[in-house]
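Asks: Below are the chains, spelled out letter by letter.
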Amino acid sequence: MSTPVFTLQNVSKTFAGKPAVRDLSFIVKAGTITGFLGPNGAGKSTSLRIGLGILAPDRGSAELFGAPPNFDVLDRVGFLPEERGLYRKMNVLAAIVFFARLKGMSAKAARTKALDLLKQFDLEGVADKKIKTLSKGMAQKVQIICAIVHEPELIILDEPFSGLDPVNQRTLEKLIRTLADHGATILFSTHVMEHAERLCDRIVLIAAGRKIFDGDVPAALQTLPRAVLMQTGKGADPVIALENMVQNIAHEGDDDKGRQNWWVELAAGADAQDVLRACVEKGVNLTAFEPQKRHLHDVFMHLVDQNEDTA
Amino acid sequence: MRHTYLIARREYLSYVATPGFWLSMAMVPVFMLMGIAVPLLLDRSTPTRYFSIIDADGRYEQAITEKLERERLDQARTLLKGLSAVPGEGEQAARALKALDGGAGLDSIKDMLGPQSKTIFKAIKQDYVLVPAPAQTEAGLKPYLLGNKTVSTPDGDHKLYAAAFINRAPDGKVSINYWSTAITAQALKDIIRRAVRDQMRTEAFARAGLQTEIVRSINSLAPKLASLSPEKAEGDAVVTASDRAPYVVAVMFAFVLWSIVFSVANMLLTSTIEEKSGKVLDSLLCSAPVRALLTGKLLGVAAVSFTLLAGWAVAAGLATVLGGQFVPAGGGGKIAAMLGAVIDPALILPFLGYFVFGYLMFGSIFLALGSLCETLQEAQTLMSPIIFTLMVPMMALVFVMKDPGSPILAFISWIPLFTPFIMLARLPSDPSLYEIVGTTLVMIITTLLVLWGAGRVFRAGAMHGAGVDYFKKMFKFGKTKPT
Numbered sequence: 004m005s006t007p008v009f010t011l012q013n014v015s016k017t018f019a020g021k022p023a024v025r026d027l028s029f030i031v032k033a034g035t036i037t038g039f040l041g042p043n044g045a046g047k048s049t050s051l052r053i054g055l056g057i058l059a060p061d062r063g064s065a066e067l068f069g070a071p072p073n074f075d076v077l078d079r080v081g082f083l084p085e086e087r088g089l090y091r092k093m094n095v096l097a098a099i100v101f102f103a104r105l106k107g108m109s110a111k112a113a114r115t116k117a118l119d120l121l122k123q124f125d126l127e128g129v130a131d132k133k134i135k136t137l138s139k140g141m142a143q144k145v146q147i148i149c150a151i152v153h154e155p156e157l158i159i160l161d162e163p164f165s166g167l168d169p170v171n172q173r174t175l176e177k178l179i180r181t182l183a184d185h186g187a188t189i190l191f192s193t194h195v196m197e198h199a200e201r202l203c204d205r206i207v208l209i210a211a212g213r214k215i216f217d218g219d220v221p222a223a224l225q226t227l228p229r230a231v232l233m234q235t236g237k238g239a240d241p242v243i244a245l246e247n248m249v250q251n252i253a254h255e256g257d258d259d260k261g262r263q264n265w266w267v268e269l270a271a272g273a274d275a276q277d278v279l280r281a282c283v284e285k286g287v288n289l290t291a292f293e294p295q296k297r298h299l300h301d302v303f304m305h306l307v308d309q310n311e312d313t314a
Numbered sequence: 065m066r067h068t069y070l071i072a073r074r075e076y077l078s079y080v081a082t083p084g085f086w087l088s089m090a091m092v093p094v095f096m097l098m099g100i101a102v103p104l105l106l107d108r109s110t111p112t113r114y115f116s117i118i119d120a121d122g123r124y125e126q127a128i129t130e131k132l133e134r135e136r137l138d139q140a141r142t143l144l145k146g147l148s149a150v151p152g153e154g155e156q157a158a159r160a161l162k163a164l165d166g167g168a169g170l171d172s173i174k175d176m177l178g179p180q181s182k183t184i185f186k187a188i189k190q191d192y193v194l195v196p197a198p199a200q201t202e203a204g205l206k207p208y209l210l211g212n213k214t215v216s217t218p219d220g221d222h223k224l225y226a227a228a229f230i231n232r233a234p235d236g237k238v239s240i241n242y243w244s245t246a247i248t249a250q251a252l253k254d255i256i257r258r259a260v261r262d263q264m265r266t267e268a269f270a271r272a273g274l275q276t277e278i279v280r281s282i283n284s285l286a287p288k289l290a291s292l293s294p295e296k297a298e299g300d301a302v303v304t305a306s307d308r309a310p311y312v313v314a315v316m317f318a319f320v321l322w323s324i325v326f327s328v329a330n331m332l333l334t335s336t337i338e339e340k341s342g343k344v345l346d347s348l349l350c351s352a353p354v355r356a357l358l359t360g361k362l363l364g365v366a367a368v369s370f371t372l373l374a375g376w377a378v379a380a381g382l383a384t385v386l387g388g389q390f391v392p393a394g395g396g397g398k399i400a401a402m403l404g405a406v407i408d409p410a411l412i413l414p415f416l417g418y419f420v421f422g423y424l425m426f427g428s429i430f431l432a433l434g435s436l437c438e439t440l441q442e443a444q445t446l447m448s449p450i451i452f453t454l455m456v457p458m459m460a461l462v463f464v465m466k467d468p469g470s471p472i473l474a475f476i477s478w479i480p481l482f483t484p485f486i487m488l489a490r491l492p493s494d495p496s497l498y499e500i501v502g503t504t505l506v507m508i509i510t511t512l513l514v515l516w517g518a519g520r521v522f523r524a525g526a527m528h529g530a531g532v533d534y535f536k537k538m539f540k541f542g543k544t545k546p547t
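Protein chains in written order, with the working numbering: chain S, 4 to 314; chain D, 65 to 547.
Since the hints were made in silico from the structure, they are not lab data.
Note that the coordinates shown come from a computational prediction; the quantities given were computed from them, not determined experimentally.
Please note: incorrect hints may appear among the correct ones.
[Unchecked claim] Ranges between beta-carbon positions, derived for each pair:
1. 371(D) - 138(S): 32 to 38 Å
2. 508(D) - 69(S): 41 to 47 Å
3. 456(D) - 13(S): 50 to 56 Å
4. 138(S) - 463(D): 53 to 59 Å
5. 18(S) - 466(D): 52 to 58 Å
6. 70(S) - 508(D): 34 to 40 Å
7. 70(S) - 456(D): 39 to 45 Å
8. 378(D) - 136(S): 21 to 27 Å
9. 71(S) - 508(D): 29 to 35 Å
10. 508(D) - 185(S): 50 to 56 Å
11. 21(S) - 410(D): 56 to 62 Å
12. 479(D) - 69(S): 47 to 53 Å
We put the beta carbon where it would ideally sit given N, CA and C, even for glycine.
The following block holds chain D by itself, in its conformation from the complex (with noise of 0.2 Å):
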């Protein structure tokens, strides 16, 4: 006991004394902020831009105008019907939604938002603003386009962002030339695609007789679909936020169980090669049996992992307090979901016994691996199978979002390499007791087998010094015993 813990001890500490570590125990919170923060940073921080329409027969700028503001009120509408669902700050979203649901403009409704008007119109800004063309020809409007010349705006002067040439030919038919040196971008031709578009369809029902009106109310025609589970009790079937954020956190704990098994197998990886390339194997074989360096070793690279899960949950759990007021209108209750899912014990238990059978498998077979190998570009040779095959369960939790219930993914939870990952994806999706009991067995089996065999393995290389050739001495079937 006292050489495993002192060993488990050395391990952990080499680890956590580390900047690495404390990088590691970072770089999660960090990139998930990111994630977060950098889209809404990028769309806040997208200047608005000014185009100008060369519509011949002027029928369709002004669909391409309603178009926009279309948008803009969507955006509004969207916001409101979240921020309404606020218990106690909702009731001046609610009223102001109704308000524009019955044809009220953006204008009317600031009043009645008060101070809740000011994040609302900041969210729904203009992103594209249409100008007067400054000239009616492709020539005419190059240097605009290019920014050797500005347009006139209610902001100042701007270069011209884009520039549409709409015809009409003889026989009705409309083409759009859209000129841009943002070739790239999409959304504005997208936006000016479909109004020209709607305003073409309107005028073709027009001409067939029908009013305008009875299109829209046609065009508006649309199924309401209410999602219901019968595993619901009856009179609440409705799906809701609450009962999908199993099923997203729990493949987004595979991701993560995934990522960190694999990061603490490495470890014991290149901490074991690092010991047999410096020599120190020896001196630890005099102090201390085989088998409590290999259990030291495992126990301390686990307590590194559970120190970085203590980390990242600490650090969610104050994202969360300090960041509750933060939370954009209407996302309040998907992240409540969310959060309810995480700290669902349901979930956490079996995370934390996958991550124990997970660990103990991948790590164990690289700890063997380790002490075969003298340098890292050794172990590559070896590694390269163990890496294609955690890529299996990587791919496949693609598919538990979308089919949880896939017989292939049933078939692969029986693969015990595997069964971490899959089946603490699946748990959500009710998977058979059978199936739970049956692959926790498999598991458990294997891993005994595979801690026994990286016993020997590790054996053979920390004492008799033994080589990356061992796998080939030993499947020369009765030729030579590997030492």
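Chain S extracted, bound-state conformation (with noise of 0.2 Å):
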């Protein structure tokens, strides 16, 4: 088994007698995409800086390339952070070739990749102009081609789909895969489910300091109960006919002709087919029935809400 490229283990932080993170440990294996979540104020960033040695734990250890955080492993990291900014009064050339040489590049290397990454990001005219006449999104481009100029095996995003518009934000997501098919490694956090169901090989998933879920996105999934949603005639009672194969069982309210509206989360082990059986076999008058795809967006909230009532 190779060696993880990004380990946290057993970290903890306090920040003025706040806990930022708790005991947070997770591992990010080469090669793989892994999503960060956690709602705002979750302890997202600290943890990564804390697995860059940015910051030093309170308490637990942080790993690169299964040895702590030095400026030798970290040549080999790109990173962006979530407060992001350039030197406004430099101009975009100099920028990256500056921080790439700061990752061990050579001055001419530097130069020819950043002059390519421009142009794979339709920033090629911009190369001579200052930073400070950038727009928020290219800038924001700008930034994230500092972080990946040096080629970098893992690379870090902390939120790199805020500020971009949705052109921008396929744009990076298209970038992101693209990097991870030539073999690096990519960790990054956001609060946006969608790009993470649509990305992550893995996702981690953090609340209020603590690691609520790790594992990948099917298992993330598999946390919730599969639901239906079921619309009957007027005055029809599903609840007795599915009370065997069913967990839960809400009424949603009736629409203008009178009609019910229900929310079915189904027992484990029952799917929706064993449900249209059932209704059709006890005589439901069944309007409608639309099984539903769950997505990242109702684990991470059925995750943190369930965070916050055990917390």
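Dock the two chains into a complex; use the hints.
Replies: What follows is the structure, encoded as structure tokens:
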């Protein structure tokens, strides 16, 4: 088994008496795309900063490529911080070359690679422009280029999609996939689940500084019961008919013709076909029957709510 | 090393690539040039002023005319004295000076000077010329003084600059009513008052039975003061411009040191604030160690200041070479002495050493403060005590020239934040070895402590997002540890 490229082991961090990260452990395996998910203020950025050695943990340890974070291994890492910014008075190409050289590239190689990436991002026309003249979206793309220009093995992106319009979000998704296809390991934090669902091999979900889920997307979806949205005729009551095959059934109101909407969460082992069959057999007057596809967003809300209940 | 070099390089280029840097580079020589040229130009551009005396007795007008002539002769004497000291060129001037001392008039020495006479007579142009009063009453003179009417002069018609009514009371008391629209100008007023006073005294001595020649002889009595130094070789103990030059240059160097340390420390402050408010620090922290950030910034800005110093040195060299031929007569010796002191390694090397430590102390303090601030307004609250502290050596430098051995100066030399400026200024007065070594050691130790402390504050500001309340928290002993 290969060494994880990113490891947090029982990490805790407190700021002014307020815990930001609590006993957090997770690893990122080489070649994967891992989503680090959590609501705002969950401790994602602090955890990433600890992982990069920018912050020291109060307890626990962090490793990059099997070693404590240091500037030899950090040359193999590209980082896009949540608090983004570049030298406003520098020109775009100079800024990218500067960060590439800090990561150990030669000036010539950095320049060639920077121009290549600017072309990929449709930014070739702004290479000589000052950063302060760029739009927010353009500046963010330049910052992403700064993080990846040295072709790092591990790319850590803290909220990379925030501030980008849908077109640029799609471009960034494509770039992440391309980078992963070329062998890079990606770890990105977000609170927008759609990106994670589309991109991630694995997700780590935290809330209030604690890990509440760590696994792949199908496993995350399985944490939620399958669900069906049903509609029955006026006066029909499916509750008794479905008694043994649902774990939760809720009346979600009536439409203007008196038809009743029901949200049905199935018991473990039951599937939508069983429910449909039972309704037909028991004479429930069905007017609509829609098995629901569950999304990571639902998982996220479910787990965060669950965590708040147990906290 | 790579990180430090790249950060220093970026910092350096970010300044030298700006028009502001070249403006700063040009400003110092330009201001120095203006400091020399403006008074000269003002003097040369001052027009000749015409004035009248209404002297009821008629005994003072002649005295005033003679006084003006004597002033011109004194000016000529000073210029000839300076010119006669220039090797190879001073023989004619020395002869003219001798003739002048022997009672020759200005016109008679003109021929003796040959081509030099042009320079001399240009330098001693007449500022004030006495013309006959166009009216004898105050009311009659008013239109001439206000410029509504003009007086006829050898150079054409001009406004009357001033008119003085000199009245002698029966008891012998003299009063002067000086009329002029130039109410703040003092020079002509002083000339008239002194001329009248001298004439009154001469007349008083005469009334007391003393002959005019005897009075003149008594008035001219004055001791000849020779300034000698026991530190100089026997037989050559007279203090010259070359001996005084290091004292002047050392104080000048201390001022330059203070200005440059303050300017470049400010650069560090603003650039760090810019990085913090522009959210650049997070990207940098993942790319370079905090120590490299701190060191790189300090080195980069130090290189900026060395570039400025080098630029000014080149400008001074060029000015010396190109301006040598324009050095005014008599100024050559003093300027050569000053230049000798400026290029003396005994001052240049300490200047560089004190610059390094002064810069490191104040630079790292400003850098650390910058890391706690998002805006310049925030920085101002922390900067005020530092600026007041920096003003102390600035004020003390004024006293170094007057009394370099003052016990107060000796005391503040031991305050490490002031050591670079005060000790540099005191060096030519030969402070004891104990003082030099002791203050230097204290300064070095303090610099190391300041660097260590600044590193901690910078770390807190850059990595932990600490703000301006960092110090407030730090001084709440045992309550809250600053993050």
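Asks: Next step is simple, just say for each hint if it's right about the structure.
Replies: Cross-check of the supplied hints:
1. Take residue 371(D) and residue 138(S): their Cβ atoms lie about 35 Å apart, and the range 32 to 38 Å holds.
2. In this structure the supplied range 41 to 47 Å holds for residue 508(D) paired with residue 69(S), their Cβ-Cβ distance being about 42 Å.
3. A C-beta distance of roughly 53 Å is found between residue 456(D) and residue 13(S), which places it inside the suggested range of 50 to 56 Å.
4. Taking the beta carbon of each, residue 138(S) and residue 463(D) are about 58 Å apart, inside 53 to 59 Å as hinted.
5. Our hint of 52 to 58 Å for residue 18(S) and residue 466(D) holds, since their Cβ atoms are close to 55 Å apart.
6. Taking 34 to 40 Å as the suggested C-beta distance range, the pair residue 70(S) and residue 508(D) conforms, at roughly 37 Å.
7. At about 50 Å, the beta-carbon gap between residue 70(S) and residue 456(D) misses the expected band of 39 to 45 Å.
8. Taking 21 to 27 Å as the suggested C-beta distance range, the pair residue 378(D) and residue 136(S) does not conform, at roughly 35 Å.
9. In this structure the hint that residue 71(S) and residue 508(D) lie 29 to 35 Å apart at CB holds, the actual value being about 34 Å.
10. Between residue 508(D) and residue 185(S) the beta carbons are some 52 Å apart, a value that agrees with the proposed interval 50 to 56 Å.
11. Restraint check, residue 21(S) to residue 410(D): a C-beta distance of roughly 59 Å satisfies the suggested window 56 to 62 Å.
12. For the pair residue 479(D) and residue 69(S), the supplied restraint of 47 to 53 Å holds, since their beta-carbon distance comes to about 52 Å.
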